[in-house]
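> Top to bottom, those sequences are chains A and B. If you count by the numbering used here, then the first sequence holds residues 1 to 254, one letter each, in order. If you count by the numbering used here, then the second sequence holds residues 255 to 471, one letter each, in order.
Derived by calculation from the structure, the hints in this document are not laboratory data. Some hints here could point you the wrong way.
[To be verified] Restraint ranges, calculated between C-beta atoms of paired labels, are given here:
#: 1; chain 1: B; residue 1: N287; chain 2: A; residue 2: G162; range: 47 to 55 Å
#: 2; chain 1: A; residue 1: D82; chain 2: B; residue 2: S412; range: 50 to 58 Å
#: 3; chain 1: B; residue 1: G257; chain 2: A; residue 2: G103; range: 39 to 47 Å
#: 4; chain 1: B; residue 1: E259; chain 2: A; residue 2: G220; range: 37 to 45 Å
[Unchecked claim] Here are the simulated DSS-like cross-link-like pairs (lysine-lysine), alpha carbons at most 27 Å apart as the crow flies:
#: 5; chain 1: A; residue 1: K254; chain 2: B; residue 2: K258
#: 6; chain 1: B; residue 1: K349; chain 2: A; residue 2: K161
#: 7; chain 1: A; residue 1: K29; chain 2: A; residue 2: K67
#: 8; chain 1: A; residue 1: K95; chain 2: B; residue 2: K374
[Claimed, not checked] Quick look at which bits of chain A chain B covers, simulated, 3 or more residues with Cβ under 8 Å:
#: 9; stretch: 35-44
#: 10; stretch: 84-98
#: 11; stretch: 120-131
#: 12; stretch: 135-148
#: 13; stretch: 188-197
#: 14; stretch: 207-214
Fair warning: this is a prediction, and the values are worked out from it, not measured in the lab. Even for Gly, the Cβ is constructed at its ideal location relative to N, Cα and C.
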Amino acid sequence: MEHQPTLELVQEVELIGHNKKHKMKKVVKNAEEAIAGIESGMTLMLGGFGLCGIPEKCIETLSKKPKITDLTCISNNAGVDDFGLGLLLKNHQIKKMISSYVGENAEFERQMLSGELEVELTPQGTLAEKCRAGGAGIPAFFTPAGYGTEIAEGKETREYKGKMYILEESLVSDYSIVKAWKGDTKGNLIFKATARNFNPVMAMAGTITIAEVEHLVEPGELDPNEIHTPGIFVHRIFEGKNYEKRIEQKTISK
Amino acid sequence: MLGKEEIAKRIAQELQDGWYVNLGIGIPTLVANYIPEGIDVTLQSENGLLGMGPFPKEENIDADLINAGKQTITTMPGSVFFDSSDSFAMIRAGKVQLTVLGAMEVDQSGDIANWKIPGKMVKGMGGAMDLVASAENIIVAMMHTNRAGESKLLKKCSLPLTGVNCVTKVVTNLAVLEVKNGAFHLLERAPGVTVEEIQKATEGELIISGEIPEMKL
Chain A
1 MEHQPTLELV
11 QEVELIGHNK
21 KHKMKKVVKN
31 AEEAIAGIES
41 GMTLMLGGFG
51 LCGIPEKCIE
61 TLSKKPKITD
71 LTCISNNAGV
81 DDFGLGLLLK
91 NHQIKKMISS
101 YVGENAEFER
111 QMLSGELEVE
121 LTPQGTLAEK
131 CRAGGAGIPA
141 FFTPAGYGTE
151 IAEGKETREY
161 KGKMYILEES
171 LVSDYSIVKA
181 WKGDTKGNLI
191 FKATARNFNP
201 VMAMAGTITI
211 AEVEHLVEPG
221 ELDPNEIHTP
231 GIFVHRIFEG
241 KNYEKRIEQK
251 TISK
Chain B
255 MLGKEEIAKR
265 IAQELQDGWY
275 VNLGIGIPTL
285 VANYIPEGID
295 VTLQSENGLL
305 GMGPFPKEEN
315 IDADLINAGK
325 QTITTMPGSV
335 FFDSSDSFAM
345 IRAGKVQLTV
355 LGAMEVDQSG
365 DIANWKIPGK
375 MVKGMGGAMD
385 LVASAENIIV
395 AMMHTNRAGE
405 SKLLKKCSLP
415 LTGVNCVTKV
425 VTNLAVLEVK
435 NGAFHLLERA
445 PGVTVEEIQK
455 ATEGELIISG
465 EIPEMKL
C-alpha cells in the first residue's frame, strides 16, 4: 500500500448535547470529517447490496471531492447511474471495481466495455469470504465457487475429499465505509434487516473503518446481546441525517 | 408447451418438507407461488434472509428489506437476517437443499452458463457460482430453445461457464430432464408436446427409455 492511513487523523470531537468532559475519540461530526484522509489511489470497501445498506452519506461526500481519483472500490454492486457508487463512476473517480454483480448501471457498463474502468468480477460468496478472512487475519482460503470457470484461471486448485477447490486470497482495505441502523459512541453497531449484507465483514477488514449510522447513542443504550459488529472494528462513527434509502425494484402484492 | 408460470408450478412439485431452498431471479422466483399445501419450505435469499415472505402491501414497504433480485419483500414468523458471509457459509456447506436458477446454456455433463456473453453482456455472476458449486440439487428453469430457435441443452456449453458437473435437473417449456452420466434423460413431456419435438429441440445427447409420461400440473 502506498498510502498508510493513520488513526491520528481522527479528531477528538465533543458529542453535542452530552457530557462536555466526555471526549469520544471515535465520534466525528459528519461525513466530511469521517472521510478525512482518503486519498487518490487508495482501496475502499463499501457495504451494501444493490442500494440496500449503502453508506450513502460518505459516498455523496466523496463525490463532491473529484480530486480524489484512481480509487479501487470493493463493493458487491456499483450503484445506479445517479445514486450510490454511480456518483463516483460518473466523476471518473474509480479506477477499479471488485464486485459480483454490476448489471444495474449503464455508465458502469460503458466504462467497462471502453476499458476506462478495470473490473474484477468475483463470486458473491467468495467476495464476502475474502472480506471476512481479511478481517479475521486469514490470508487465503479454498472455495469450490468458480472451479472449472474463467474465475479459476491462474489460481491454485486442490482436491479435498474428492471435490475440487480454488485458492482465493483475502482482502483488506485502506478505508472500509459501512452503514448501520444504530451505533454507539464506542463504535458498536446494529444493522437492520437485509441492510446488514456486506457491512459487518467489510467493517472487519478495514485498516480504518468508518460507520455512518441512523441513530447514534451513548454506551449502554445498546443491548450487548444484540450488537452485530463489536466496536473494536470501528474507528470513526457519525449519525447521518435524512437518509434517502432509494429502492431499486419496488414490488408490491396486489 | 408450458408458460413460465407452469414451469414454476412443475418445479414446485420437486419441493420436500423441511427443505431450505434458494430461488434465482426470473422463472425460479415464481416457484414460491406454488409451494404445495402442507409442506414446510423455507426460502433463502442470499443477500441475508431465511424465511422470505411475499411482496409487501404498499404501506409496508421497507427499503431495508429486499431479496436477491433487489425487490422489496416481507419476512415470515421465524425469519432471520444474517450477513453475506454467513449466507454463503450455509450455501457452501450444503445446508440449502435445493437451488433453482435460470440459464443461457446447460450441457449434457451438467455444466451451466448464465453470467456472461463475451463482447455483448457482462452483468456478473452474483451468487450463482457459489450456489452451483455447492448445492446438491440444482434445477435449471428455462426455455428449451433461445430466441433464434437454437437448443439451450447442448453437448458442450459455448459461453463462459458458471459451474461444472452441477446441474441435476432441467425443467423447460417442453420437458423435464435429468442430467446424469453425461446425457439428458427425458423424464416427462409437457402437455401436447411429442418426444420427437423434444428430440429436435435438444442438441445434447438425449436418452429416451420406455414410454415418456406427460407432466401432471
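> Indicate, hint by hint, whether the structure satisfies it.
For each hint, the structure was consulted:
1. N287/B with G162/A: 47 to 55 Å: 38 Å, violated
2. D82/A with S412/B: 50 to 58 Å: 37 Å, violated
3. G257/B with G103/A: 39 to 47 Å: 25 Å, violated
4. E259/B with G220/A: 37 to 45 Å: Given a distance of about 53 Å, which is not inside 37 to 45 Å, the answer is violated.
5. K254/A with K258/B: Answer holds: K254/A to K258/B is near 20 Å, not above 27 Å.
6. K349/B with K161/A: Since the Cα atoms of K349/B and K161/A sit roughly 18 Å apart, the hinted pair holds (cutoff 27 Å).
7. K29/A with K67/A: Holds, at roughly 22 Å.
8. K95/A with K374/B: Since the Cα atoms of K95/A and K374/B sit roughly 22 Å apart, the hinted pair holds (cutoff 27 Å).
9. 35-44: violated (count 0)
10. 84-98: violated (count 0)
11. 120-131: Since three or more residues must qualify, the claim that chain B covers the stretch 120-131 of chain A holds, with 9 doing so at under 8 Å.
12. 135-148: holds (count 6)
13. 188-197: holds (count 7)
14. 207-214: Per the Cβ count (0), the hint is violated.
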